[in-house]
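**Q** In the order they appear, the protein sequences are chains A and B. Residue numbering for the first sequence follows the numbering used here, starting at 1 and increasing by one per position. Residue numbering for the second sequence follows the numbering used here, starting at 1 and increasing by one per position.
Worth flagging that the hints you see were computed from the coordinates, not collected in a lab. From the three backbone atoms N, C-alpha and C, an ideal C-beta is built for every residue, glycine too. All the pointers check out, no bait thrown in.
Pair ranges (Cβ atoms, derived):
{"id": "1", "chain 1": "A", "residue 1": "Val298", "chain 2": "B", "residue 2": "His214", "range": "39 to 45 angstroms"}
{"id": "2", "chain 1": "B", "residue 1": "Ala3", "chain 2": "A", "residue 2": "Ser301", "range": "35 to 41 angstroms"}
{"id": "3", "chain 1": "B", "residue 1": "Ser186", "chain 2": "A", "residue 2": "Leu26", "range": "49 to 55 angstroms"}
{"id": "4", "chain 1": "A", "residue 1": "Leu3", "chain 2": "B", "residue 2": "Glu75", "range": "16 to 22 angstroms"}
{"id": "5", "chain 1": "A", "residue 1": "Val298", "chain 2": "B", "residue 2": "Ser186", "range": "41 to 47 angstroms"}
From the derived model, a few chain A residues whose C-beta atoms are all more than 10 angstroms from chain B:
{"id": "6", "residue": "Gly19"}
{"id": "7", "residue": "Thr86"}
{"id": "8", "residue": "Asp96"}
{"id": "9", "residue": "Phe107"}
{"id": "10", "residue": "Gln120"}
{"id": "11", "residue": "Pro154"}
{"id": "12", "residue": "Ala246"}
{"id": "13", "residue": "Gly250"}
{"id": "14", "residue": "Ser264"}
Calculated cross-link-like contacts (lysine to any residue; reagent style SDA-like; alpha-carbon spacing at most 20 angstroms):
{"id": "15", "chain 1": "B", "residue 1": "Lys84", "chain 2": "A", "residue 2": "Thr317"}
{"id": "16", "chain 1": "A", "residue 1": "Lys142", "chain 2": "A", "residue 2": "Glu160"}
{"id": "17", "chain 1": "A", "residue 1": "Lys142", "chain 2": "A", "residue 2": "Leu173"}
{"id": "18", "chain 1": "B", "residue 1": "Lys84", "chain 2": "A", "residue 2": "Val394"}
{"id": "19", "chain 1": "B", "residue 1": "Lys140", "chain 2": "A", "residue 2": "Arg15"}
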Amino acid sequence: MMLRDTVRFSTAALRASPGRTALILLAMVIGIASVILLTSLGEGARRYVAGQFHALGSNLLLVMPGRTETQGGMPPMFGHAQHDLTLEDRTALERDPLIDMAVPIVFGTADLTYDGRERQVSVIGTDSNYQHVFNLTLMRGKFLPATARDRAEPVCVLGEHLYQKLFGHAEVLGDWVRIGTRRFRLIGLLQPKGKTATLDMSNAVLIPTVSAQSLFNRSGLFQIAIQTRSEAFARVQDRILALIQARHNGEKDITVVRQDAMASSLDQILRILTIAVGGIGTISLLVAGILIMNVMMVSVSQRRSEIGLLMALGASTREILLVFLSEATMLSLIGGVLGLMAGLGAVGLIASLVPVFPISTPWWAMIAALVVALATGLIFGSVPARQAAQLHPVAALSGR
Amino acid sequence: MIALREICREYHVGDETVHALDHVSLDIDRGEYLSIMGASGSGKSTLLNMLGLLDMPNSGSYRFEGRELMTLSEEARATFRREKIGFIFQSFHLIPRLSAYGNLELPLMLQGVPPSQRRERITRALHDLGLGERMDHLPKELSGGQQQRVAIARAMILEPPLLLADEPTGNLDSRSGDEVTRLLESLHDRGMTLVIVTHDADLGKRATRQIRMHDGQILHDRDGGAG
Ligand SMILES: Nc1ncnc2c1ncn2[C@@H]1O[C@H](COP(=O)(O)OP(=O)(O)OP(=O)(O)O)[C@@H](O)[C@H]1O
Ligand SMILES: [Mg+2]
Chain A
1 MMLRDTVRFS TAALRASPGR TALILLAMVI GIASVILLTS LGEGARRYVA GQFHALGSNL
61 LLVMPGRTET QGGMPPMFGH AQHDLTLEDR TALERDPLID MAVPIVFGTA DLTYDGRERQ
121 VSVIGTDSNY QHVFNLTLMR GKFLPATARD RAEPVCVLGE HLYQKLFGHA EVLGDWVRIG
181 TRRFRLIGLL QPKGKTATLD MSNAVLIPTV SAQSLFNRSG LFQIAIQTRS EAFARVQDRI
241 LALIQARHNG EKDITVVRQD AMASSLDQIL RILTIAVGGI GTISLLVAGI LIMNVMMVSV
301 SQRRSEIGLL MALGASTREI LLVFLSEATM LSLIGGVLGL MAGLGAVGLI ASLVPVFPIS
361 TPWWAMIAAL VVALATGLIF GSVPARQAAQ LHPVAALSGR
Chain B
1 MIALREICRE YHVGDETVHA LDHVSLDIDR GEYLSIMGAS GSGKSTLLNM LGLLDMPNSG
61 SYRFEGRELM TLSEEARATF RREKIGFIFQ SFHLIPRLSA YGNLELPLML QGVPPSQRRE
121 RITRALHDLG LGERMDHLPK ELSGGQQQRV AIARAMILEP PLLLADEPTG NLDSRSGDEV
181 TRLLESLHDR GMTLVIVTHD ADLGKRATRQ IRMHDGQILH DRDGGAG
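My request is simple: use the sequences and hints to build the entire structure.
**A** Encoded structure:
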């Protein structure tokens, strides 16, 4: 039998029992649509998180004192530093042509007092480049001035969240506040924004590097954030390591982490999560498959005399098999396409209802959905198809 | 044309063995009109199914036009049925969702006849049997006699050399039965080899050769009748 005829014959059979066909299609549609929807939600979550990370500034390498054996992992927790990272190290790094900016960071906590009110805050000692490297937006006032680069100027910039907590709606820009034992003039307010992997900006106060060093009585730096223009992160990473090693008497006592290495490991996790929820969605396809199998088994038993007739007319077992397989395949493919459309429709609906959530259907999920739909039809259709093909012609004709 | 030798067909029902065919030997020549009669359960249908290769014997030999069929593969048996045999059943076995045209198209589809040639052949076959007007009717829209004529047209459309009919008039009133009988006899007149299983003694006697079966054996086999 020609393929065209097989398809035509199967189509007629499917049309002849619309209820049964609709039931199977519905199951397929639900299965495929849920796979599409779940993976789209997963992908949306991934993009959302990626977007948050992107806002932090990419192309970022963090140089930290101490050494970890693993490359590109999380920052060292208990790494033992032989030498401090210093502002001189920063200056040396800045001279590297591949490095745009090297921003020193000193980190600590101190009490901020103003007008009798007191609150513990995160203190970040840094310089004016910090704003560019971490994509910070000023709400009001000025950022740390360039003149405070390596000087202990008594100025500070505050996170908006912290400002609200401390001062409410009072206008205090230009006033003096006390941080720890020293006084600083409040010169700028930062727009609220996400957290970096290490520092919570909304609850932080920024002061010049040297001010922070003397406030916390330490000579070293917490880390140096490097912004590079180069895409060859690994190369830049190696150059940093070599440069600092040379400056630290040959000791490999620093760790260089890509900020987006953290982002990408989170990205990886969300990608796997997306595949996982897609996999959960395929369970509903399993249900659809079992339904196909059962409904087709009933169909085969109801159509025994038809099968017997086809055999009497000279259809081989292979042709009988193909007739039923093509029925299952058509059901699953049509169901797959309808399910894809339903899924994409639901995704579009969510996209319009919740515009901030970047829901998006990964291309692989669409292909996978159709492939899985087809496979479902073939696998679960093959059982009843084989049953049909293996009927004895005489028994089939008599409807037994 | 046909030579059956020592054909046995047994069914095992529980502990019992039913000999549906018990060492049956039979020769049929080209152009013969043969009727098979006998009590219910005597093995008539089993014999007919054997002739059409719908069923395989437990032992014996079946030669068709000199070729031994017992050793054929399943695929080759299907081809044999398609090309050599036209089957007619008591219950017509038309596919209910297909029109008369669609039912007649089935053998052509299985034979791989190109779609362009089908319409003409189907139209001619239906016209020959006076069903030209009924081409697009579903089986349920046809009378029993018309349905059986469509079934006969379907059996004949690939022009097989042997026509096997199992009680072709069994579901019909006497008038439709007579029509179908006359139709089958006209096919015989045109040279078709015809084997009919029937309970109807009148129909049986019209055949040029009659066989009576009993308990899976051929009781007697004689020429005669009106033909
Ligand atoms: N599938 C089967 N399983 C068991 N026994 C069977 C089967 N098919 C046929 N038989 C037995 O084989 C014998 C011959 O059956 P067959 O159908 O050939 O009889 P028949 O002469 O055509 O009868 P009828 O006139 O009622 O159609 C019967 O005894 C029947 O019970
Ligand atoms: Mg019978």
